[in-house]
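*Asks:* In case you want the letters, here they are:
Number of protein chains: 2
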Amino acid sequence: MPVAPVVAAYRGEAVERTPVWFMRQAGRCLPEYRALRERYSFAEVVQAPDLAAEVTLQPVRRLGVDAAILFSDIVTPVQAVVDGIRIRPDRGPVVDHPFRSKDDLARLRPLDPEADLPYVLETVRLVRGALPPEVALIGFAGAPFTVASYLVEGGKSSDYRHTKALMYRDPDVWDDLVDRLAGIALAALRAQVAAGAQAVQLFDSWVGALSQADYRRFVLPSSRRVLAGLADLRVPRVHFGVGAGHLLEAMAEAGADVVGVDWRVPLDEARRRLGPTVAVQGNLDPTAVGAPPDVLEARVNEVLAANGGQPGHVFNLGWGVLPDTDPGALRRVVDLVHAHRPPA
Amino acid sequence: MPVAPVVAAYRGEAVERTPVWFMRQAGRCLPEYRALRERYSFAEVVQAPDLAAEVTLQPVRRLGVDAAILFSDIVTPVQAVVDGIRIRPDRGPVVDHPFRSKDDLARLRPLDPEADLPYVLETVRLVRGALPPEVALIGFAGAPFTVASYLVEGGKSSDYRHTKALMYRDPDVWDDLVDRLAGIALAALRAQVAAGAQAVQLFDSWVGALSQADYRRFVLPSSRRVLAGLADLRVPRVHFGVGAGHLLEAMAEAGADVVGVDWRVPLDEARRRLGPTVAVQGNLDPTAVGAPPDVLEARVNEVLAANGGQPGHVFNLGWGVLPDTDPGALRRVVDLVHAHRPPA
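Line by line, the protein sequences give chains L and B.
For what it's worth, the numbering used here labels the leading residue of the first sequence as 452, then goes sequentially.
For what it's worth, the numbering used here labels the leading residue of the second sequence as 452, then goes sequentially.
Hints are supplied without guarantee of correctness; some may be wrong.
Which copy is meant is left open, because identical chains are indistinguishable; a pair holds if it fits in one copy or across any two.
[Stated by the list, open to error] Here are the simulated SDA-like pairs of lysine to any residue, each with C-alpha atoms no more than 20 Å apart in a straight line:
#	residue 1	residue 2
1	Lys553	Gly741
2	Lys607	Arg537
3	Lys607	Ala780
4	Lys553	Arg620
5	Lys553	Tyr491
6	Lys607	Gly543
7	Lys553	Val693
8	Lys553	Asp621
9	Lys553	Pro743
10	Lys553	Ala742
11	Lys607	His548
Derived from the structure by calculation, the hints contain no laboratory data.
Using the sequences provided together with the hints, build the complete structure.
*Replies:* What follows is the structure in structure tokens.
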């Protein structure tokens with residue numbers, strides 16, 4: 452199978468046109484997705500391979516993006532291991548009995564992907580079989596810190612007070628917790644690659660809440676374990692967190708081939724800080740997709756100009772598609788990115 | 452009146468010991484505050500000078516901090532001008548009819564502090580009269596962007612989609628909106644200084660949601676108008692936003708004498724980027740106050756070490772005191788900071 456442009460760009464190879472996909476592209480902004488969600492819950496879609504595959508493929512058809520990303524949630528693997536984790540509409544993951552002490556560690560047995568997540572792997576196989584070779588399928592998992600934050604807080608947090616309290620009060624329990632979560636993420640990602648994913652993204656969505664010193668002490672080792680554990684598979688490893696501009700270098704050091712950048716850090720600065728061996732992904736402000744067409748076009752061109760035509764750039768938003776986004780505007784972004792040619 | 456240590460440190464002068472106060476120090480973590488709030492709403496406290504003064508003074512008595520900060524809300528001045536803005540417990544400011552178009556601008560008449568906010572100015576006078584000369588009284592206001600975000604979103608937001616949409620869609624209306632809000636903030640701050648505040652903090656709490664390019668285009672001019680408009684009063688002007696580490700230089704350029712830094716950016720980096728003429732305030736992670744005593748002490752010392760004994764540092768948290776914080780731990784922070792002597 453020829454190398455898909457997204458994969459080539461992730462590897463830093465020259466590509467004819469900049470590839471593009473969108474975080475949370477299979478989501479609430481697509482009417483065909485909303486129609487399907489009127490009949491099935493989030494959990495029902497994730498656990499039914501034909502539905503999950505359909506939802507994964509919808510944005511490829513409608514938007515013309517260069518990659519599909521597995522429709523799933525960052526807590527899907529840990530949900531298969533721990534009882535009492537649910538995805539609530541507009542609240543995200545909630546955990547009935549938050550993890551707060553050493554005794555809770557026993558609730559985290561290792562993940563056996565073929566037994567625990569057969570529906571995810573079947574979804575990967577269905578999607579890969581349905582996609583043309585030039586469209587990559589990206590697998591993903593939540594990074595240990597971010598998954599731990601849901602387990603410890605009991606859901607989404609604004610300050611991560613319980614998570615940080617556990618780090619500061621009982622670093623041994625914390626280290627054990629994120630090590631177990633690293634094992635789960637690694638097993639999930641290896642199985643997704645074996646089933647057909649050609650790149651993986653490790654989402655550390657909320658890690659920007661930490662200082663770089665805390666990141667290095669409490670997060671980097673477990674994230675590195677996940678990323679290093681994928682090295683032999685030779686698929687590009689993307690690593691991303693929102694509001695994590697102060698951590699870009701450290702996230703690359705954790706073993707990322709590609710660092711996702713949110714809109715707060717211009718790509719020229721990100722590239723300067725990351726050096727020539729790390730590719731970048733990003734970074735249009737998701738709110739700019741709702742701007743008037745001339746403003747949107749200018750913003751897309753600013754992102755491309757900030758990258759300056761260097762190889763190793765995959766266009767994306769700096770965070771997920773907003774629910775009220777017009778799919779037509781997303782399609783225009785794809786067309787603008789594809790029509791762009793770097794200055795000779 | 453002798454110069455209070457906080458004011459001297461804000462000016463970059465050498466002080467015997469590092470001064471310290473806490474954002475949101477007059478708040479839910481103090482039992483005497485909670486007792487008072489069982490009898491009076493937030494709005495009732497703000498509008499009753501004897502109560503507001505009492506609540507402003509409580510942390511000075513209990514914690515031994517070097518500054519009192521006026522008990523108020525960042526929307527208090529605009530509340531006096533616009534109907535239908537309320538402070539809801541655990542939700543913050545909510546606006547009944549959000550500002551979305553040119554027609555809404557007429558709702559923002561200029562502020563006449565003596566007529567519109569007599570209770571705030573009386574509070575300032577009462578507090579200043581009750582404080583010993585070595586404890587500074589800090590006035591404050593919300594910066595135009597952050598106040599605009601409440602008016603446009605209708606409350607606290609996670610993505611500022613309506614605020615950014617207004618910027619992108621109708622920059623003239625946006626500019627007019629923040630210019631009017633700059634006038635309101637400036638009038639409020641000038642009146643607070645006339646009534647006895649010896650320093651002011653302009654809170655741009657949520658501005659970290661913007662890229663530096665958007666900050667410079669859509670925010671800096673109105674913030675500069677506020678800060679420049681205070682120059683003749685010769686009081687230190689502190690400027691702060693949370694998660695705004697990528698904007699530190701631009702916020703200094705807006706006219707701050709002192710830039711508040713959250714815990715994500717170490718003070719040595721902040722000082723390197725801001726240069727020798729700008730003082731800094733910060734930046735202990737608020738969650739660290741709940742850590743075991745040895746960890747807390749180490750964290751306090753790390754902040755002090757990162758500043759490296761340079762003049763022009765006022766110790767603070769990197770964001771507000773968390774509601775479940777033990778006041779005894781805050782008192783220990785004050786004592787640790789005061790006991791610290793920079794290496795000779």
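*Asks:* Work down the list of hints and note, for each, if the structure agrees.
*Replies:* Status of each hint after checking the structure:
1. Lys553 x Gly741: Close across copies (19 Å), not inside one copy (46 Å); limit 20 Å.
2. Lys607 x Arg537: So lysine 607 and arginine 537 pass the 20 Å test inside one copy only (12 Å; across, 26 Å).
3. Lys607 x Ala780: Close neither inside one copy (29 Å) nor across copies (26 Å); limit 20 Å.
4. Lys553 x Arg620: Within one copy only: 12 Å inside, 52 Å across.
5. Lys553 x Tyr491: neither (37 Å within a copy, 42 Å between copies)
6. Lys607 x Gly543: For lysine 607 and glycine 543, the Cα distance is within 20 Å both inside one copy (7 Å) and across copies (18 Å).
7. Lys553 x Val693: neither (29 Å within a copy, 33 Å between copies)
8. Lys553 x Asp621: within (9 Å within a copy, 54 Å between copies)
9. Lys553 x Pro743: between (53 Å within a copy, 17 Å between copies)
10. Lys553 x Ala742: between (49 Å within a copy, 17 Å between copies)
11. Lys607 x His548: within (14 Å within a copy, 28 Å between copies)
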